[in-house]
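Enquirer: Residue numbers (our numbering), protein chains in the order written: chain A, 2 to 171; chain Y, 21 to 127.
Treat the hints as calculated values from the structure; they're not laboratory data.
For every residue, glycine included, the Cβ atom is placed at its ideal position computed from N, Cα and C.
Take the hints with a grain of salt, since some may be wrong.
As the list claims (entries may be wrong) - From the derived model, a few chain Y residues whose C-beta atoms are all more than 10 Å from chain A:
id : residue
1  : T50
2  : N69
3  : Q112
4  : D123
5  : L125
To be verified - Footprint (simulated), chain A over chain Y, 3 or more residues, beta carbon under 8 Å:
id : stretch
6  : 36-47
7  : 70-79
8  : 92-101
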Amino acid sequence: MPLGALIFYLLAALTIGSAMVVVFSRNIVYSAFSLLGTFMGVAGLYALLAADFVAVIQILVYVGGILVLIIFAVMLTHRIEDVAVSNRSVGRLPAAIVIGAVGALMGTGIMTARWALNPNPQAEPTTYGIGDAFLGQYILPFELASVVLLVVLIGAIVVSRKEIRGEAGS
Amino acid sequence: MNAALLEIGLRHFLLVSLVVFVLGLYCVLTRKNAIGILMGVELILNSANINYIAFSHFSSGRYDGQIFAVFVIMLAAAEAVIGLAIVLGIYQNFATIDVEATDSLQG
């Protein structure tokens, strides 16, 4: 078995297995920690696709930021006594039908479409090109992104601080 | 083994992305816990990013897909921050994060 295929299947198994634990675990703490496996597996898939910069960003932002935030939120809202039912699910059958239909449709599309493929994809360092594109062609979305992040920063403080919200409401 | 299984191409990555997307959609549809729903959204965004990077590598060979993936990661972080702040606000008001118990706006 070639090394690339072996790595791909290992990463795919890590990603999908952890995602299944996230979705099907009855304890939300296990779900939160399984997200780590999913994010790391996806970062590995990015690295396998020669997207080194995005793989590092994935680890920094998702694992270092979003995952820590989610675990904090779980611990701040989670009551220890109802640990067994903290992650109940409802409507399994209709949801299963919906995702079965969506999955079958998209799977058929993926397998039958004739994708316009590059005959020999190159693996080369991407950071220089991405930085160049961010400050060239994509300068406007890049600046808008910083405005969005500032708005999110202020918005999160306003939403979560009680005393600020009370003054605004009075 | 089958040659189609060993030659890793675009379709393999798209199928992994499809499975993650379907799992995330199932999570969003069935969870009653608001944080569980946010985890499902994160799974869906990750699957979309796998698609972007896969097409960027196999199809165009340019950086556009990777740049969109970086923007998606940035917006996912923003969405997680605001979503979790709202969840904590709900928890302060309702003492629960069960999305079926928070029905104050229901007509």
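Enquirer: Would you assess whether L125 (chain Y), listed as outside the interface, keeps its beta-carbon beyond 10 Å of every beta-carbon in chain A?
Expert: 16 Å, holds
Enquirer: Evaluate the condition: distance from the CB of D123 (chain Y) to the nearest CB of chain A exceeds 10 Å.
Expert: Check passes; 14 Å lies beyond 10 Å.
Enquirer: At least three residues with a C-beta closer than 8 Å to a C-beta of chain A: is that true for the stretch 70-79 of chain Y?
Expert: holds (count 7)
Enquirer: Count the residues of the stretch 92-101 of chain Y whose CB lies closer than 8 Å to any CB of chain A, then report whether that count reaches three.
Expert: holds (count 8)
Enquirer: State whether the coverage of the stretch 36-47 of chain Y by chain A holds or is violated, taking the criterion as 3 or more residues with Cβ-Cβ distances under 8 Å.
Expert: n = 11 at 8 Å, threshold three: holds.
Enquirer: Does T50 (chain Y) clear chain A by more than 10 Å, comparing its Cβ with all Cβ atoms of that chain?
Expert: Answer for T50 (chain Y): violated, closest chain A Cβ roughly 4 Å.
Enquirer: If I take the minimum Cβ distance from Q112 (chain Y) to any residue of chain A, is it greater than 10 Å?
Expert: Given that some Cβ of chain A is not farther than 10 Å from that of Q112 (chain Y), nearest at about 7 Å, it is violated.
Enquirer: Looking at N69 (chain Y) again, its CB stays over 10 Å from all of chain A?
Expert: 7 Å, violated
Of the numbered hints listed earlier, those contradicted by the structure are 1, 2, 3.
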